[in-house]
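*Asks:* Sequence:
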Amino acid sequence: MTLKGLLAVFLWIILLFFLAVGTLFIASITGFATGGIALLNTPTLLIDLLISLSEKQNKFVVVLIYLNVAVLLASR
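Residue numbering for the sequence shown follows our numbering, starting at 1468 and increasing by one per position.
These are calculated hints, taken from the structure and not from any lab test. A hint or two may mislead.
For each label pair, taking beta carbons as the anchor points, the in silico distance ranges come out as [stated by the list, open to error]:
(1) 1533 <-> 1469: 26 to 36 Å
(2) 1470 <-> 1533: 30 to 40 Å
(3) 1537 <-> 1475: 12 to 22 Å
(4) 1534 <-> 1477: 15 to 25 Å
All C-beta atoms in this analysis are idealised placements derived from N, C-alpha and C, irrespective of residue type, glycine included.
Make a model of the complete structure from these sequences and hints.
*Replies:* Below, the structure written as structure tokens:
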């Protein structure tokens, strides 16, 4: 693997880390995180969170959570 490839992998890992931390932070702000890790591990709670945030039209938060859901599904 070239240096560019290693750098790309490293940047993706950093991006995914910040997405996960950001989702926990957003969940705690919106009051949905009675347990942040439990929230990330429970798909139904994630779906409820997405529906609630979609109703509030907070597109940035919804996009972050969709990306995080995709990462979680890909990692399982």
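*Asks:* Each hint: holds or not?
*Replies:* Checked hints:
| no. | hint | result |
| --- | --- | --- |
| 1 | 1533 <-> 1469: 26 to 36 Å | 31 Å, holds |
| 2 | 1470 <-> 1533: 30 to 40 Å | 32 Å, holds |
| 3 | 1537 <-> 1475: 12 to 22 Å | 18 Å, holds |
| 4 | 1534 <-> 1477: 15 to 25 Å | 18 Å, holds |
No hint from the list above goes unmet by this structure.
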